[in-house]
Amino acid sequence: MYGMASPLTPSRFGRRAFLGIVCVATAMVVLSWFDDLHPVLRATLPARAAAVAGIGAAVHLGIVRQSAAERLLFWLGLGMAVARVWFLGEVSVERAALVVIAAVALMLPLALLLAPRHRRLSWGAATVLLCLVAGGRSILPEAPGGFVALTAFVALFWTLLGVLERHARSADEAWGIAHTDQLTGLANRRAVLHQLEEHIGTGPDHGPTSLLMVDLDRFKALNDAAGHAAGDDALRLVAMALVDVVTDRSLVGRWGGEEFVLLLHGPDALHAAAVAERVRVTVAASSPVTASIGVATRRPDDDVLTWMSRADAALYRAKSAGRNRVEFAPSDDTRVGDSP
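In case it helps, this note's numbering puts the sequence shown at residues 594 to 933.
Since the hints were derived computationally from the structure, they do not count as laboratory data. Errors might be hidden in some of the hints.
Stated by the list, open to error - Simulated restraints, written as ranges between beta carbons of each label pair: (1) 770 with 745: 34 to 40 angstroms; (2) 877 with 646: 35 to 41 angstroms; (3) 840 with 899: 21 to 27 angstroms; (4) 759 with 909: 46 to 52 angstroms; (5) 898 with 771: 19 to 25 angstroms; (6) 863 with 786: 26 to 32 angstroms; (7) 893 with 840: 47 to 53 angstroms; (8) 712 with 739: 30 to 36 angstroms; (9) 909 with 698: 55 to 61 angstroms; (10) 863 with 638: 47 to 53 angstroms.
Stated by the list, open to error - Derived SDA-like pairs (lysine to any residue); straight-line CA-CA distance at most 20 angstroms: (11) 813 with 881; (12) 813 with 849; (13) 912 with 874; (14) 912 with 861; (15) 813 with 825; (16) 912 with 852; (17) 912 with 883; (18) 912 with 816; (19) 813 with 852; (20) 912 with 867; (21) 813 with 830; (22) 813 with 823; (23) 813 with 826; (24) 813 with 776; (25) 813 with 923; (26) 912 with 870; (27) 813 with 915; (28) 912 with 815; (29) 912 with 901; (30) 912 with 880; (31) 912 with 776; (32) 912 with 875; (33) 813 with 710; (34) 912 with 859; (35) 813 with 917.
Glycine included, every Cβ here is placed at the ideal spot set by N, Cα and C.
Using the sequences plus the hints, can you model the full thing?
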């Protein structure tokens with residue numbers, strides 16, 4: 594489902610929030626100097642702080658994707674936790690056991706959250722085994738019974754997380770089915786409305802946003818002449834064409850019948866016009882139909898109904914003016930991108 598994510602699935606942090614987390618992580622690494630009693634941990638402090646700060650800078654500059662940076666931070670954090678347990682055991686068995694519990698409680702949920710879906714089990718197992726091996730080095734010789742109890746706690750915690758993760762995945766799949774158009778795989782009408790309401794609710798702080806209403810020209814004639822199977826094929830081709838044109842930040846949905854909706858985050862009216870024209874050209878080139886498109890850039894006083902009404906009015910103008918063209922809502926009518 595393009596451009597939609599279930600609210601049950603944790604979405605990626607925004608860049609500003611992610612960089613804030615990097616700053617907090619860097620501060621925690623630096624502050625750990627006061628508690629790192631082992632010389633090895635103190636000696637690696639500058640390298641650890643530099644690694645966290647470097648990851649944040651790489652994301653900010655666009656050198657590293659945010660998802661990759663999140664996973665790098667996870668493995669860096671896990672390595673720090675394991676090293677801490679390993680060396681703390683030489684000072685205090687009790688403290689080492691507490692750090693094992695804290696590390697598993699923090700890092701195991703993160704492993705299940707950040708790992709690719711097909712690697713969640715291996716990431717979770719690696720997290721548990723590394724923590725237990727580091728803890729067992731010092732805890733097992735001194736308190737074997739305590740280590741057995743610690744292992745049992747970790748196993749129970751992992752089991753409970755696994756049950757919760759399976760339930761969340763089932764709920765996520767059900768949410769996806771309810772919000773996905775089964776023919777095209779795009780967001781359905783319910784999902785589009787949800788996204789529009791959510792966007793309106795966030796206010797105008799995210800920059801200009803444009804709504805494109807796309808209606809296929811003479812689609813009923815195609816159905817009547819070639820059959821509904823050909824019409825379904827045309828809808829799927831159009832859906833793929835729309836997804837190919839827009840960016841990852843955009844929402845593409847099927848509003849119903851032969852009508853589609855695109856929500857473009859970021860572009861101003863001129864940019865939206867260029868995108869709409871690319872949509873028109875791509876649909877005509879990749880499917881047996883053409884498209885009329887109405888564009889409305891959001892105004893501060895727009896609610897969902899008025900915003901969609903403006904886009905729909907522009908679409909009606911495109912249809913009335915001869916089809917296979919782009920028209921803008923009156924308040925942002927630049928005439929850029931209209932086709933003859």
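Structure-based check of all given hints:
{"no.": "1", "hint": "770 with 745: 34 to 40 angstroms", "result": "holds, 38 angstroms"}
{"no.": "2", "hint": "877 with 646: 35 to 41 angstroms", "result": "violated, 50 angstroms"}
{"no.": "3", "hint": "840 with 899: 21 to 27 angstroms", "result": "holds, 26 angstroms"}
{"no.": "4", "hint": "759 with 909: 46 to 52 angstroms", "result": "holds, 48 angstroms"}
{"no.": "5", "hint": "898 with 771: 19 to 25 angstroms", "result": "holds, 23 angstroms"}
{"no.": "6", "hint": "863 with 786: 26 to 32 angstroms", "result": "holds, 27 angstroms"}
{"no.": "7", "hint": "893 with 840: 47 to 53 angstroms", "result": "violated, 24 angstroms"}
{"no.": "8", "hint": "712 with 739: 30 to 36 angstroms", "result": "holds, 32 angstroms"}
{"no.": "9", "hint": "909 with 698: 55 to 61 angstroms", "result": "holds, 58 angstroms"}
{"no.": "10", "hint": "863 with 638: 47 to 53 angstroms", "result": "holds, 50 angstroms"}
{"no.": "11", "hint": "813 with 881", "result": "holds, 12 angstroms"}
{"no.": "12", "hint": "813 with 849", "result": "holds, 14 angstroms"}
{"no.": "13", "hint": "912 with 874", "result": "holds, 16 angstroms"}
{"no.": "14", "hint": "912 with 861", "result": "violated, 24 angstroms"}
{"no.": "15", "hint": "813 with 825", "result": "holds, 11 angstroms"}
{"no.": "16", "hint": "912 with 852", "result": "holds, 13 angstroms"}
{"no.": "17", "hint": "912 with 883", "result": "holds, 11 angstroms"}
{"no.": "18", "hint": "912 with 816", "result": "holds, 19 angstroms"}
{"no.": "19", "hint": "813 with 852", "result": "holds, 12 angstroms"}
{"no.": "20", "hint": "912 with 867", "result": "holds, 19 angstroms"}
{"no.": "21", "hint": "813 with 830", "result": "holds, 16 angstroms"}
{"no.": "22", "hint": "813 with 823", "result": "holds, 11 angstroms"}
{"no.": "23", "hint": "813 with 826", "result": "holds, 14 angstroms"}
{"no.": "24", "hint": "813 with 776", "result": "holds, 17 angstroms"}
{"no.": "25", "hint": "813 with 923", "result": "violated, 29 angstroms"}
{"no.": "26", "hint": "912 with 870", "result": "holds, 15 angstroms"}
{"no.": "27", "hint": "813 with 915", "result": "holds, 17 angstroms"}
{"no.": "28", "hint": "912 with 815", "result": "holds, 17 angstroms"}
{"no.": "29", "hint": "912 with 901", "result": "holds, 16 angstroms"}
{"no.": "30", "hint": "912 with 880", "result": "holds, 19 angstroms"}
{"no.": "31", "hint": "912 with 776", "result": "violated, 25 angstroms"}
{"no.": "32", "hint": "912 with 875", "result": "holds, 18 angstroms"}
{"no.": "33", "hint": "813 with 710", "result": "violated, 41 angstroms"}
{"no.": "34", "hint": "912 with 859", "result": "violated, 27 angstroms"}
{"no.": "35", "hint": "813 with 917", "result": "holds, 15 angstroms"}
Of the numbered hints listed earlier, those contradicted by the structure are 2, 7, 14, 25, 31, 33, 34.
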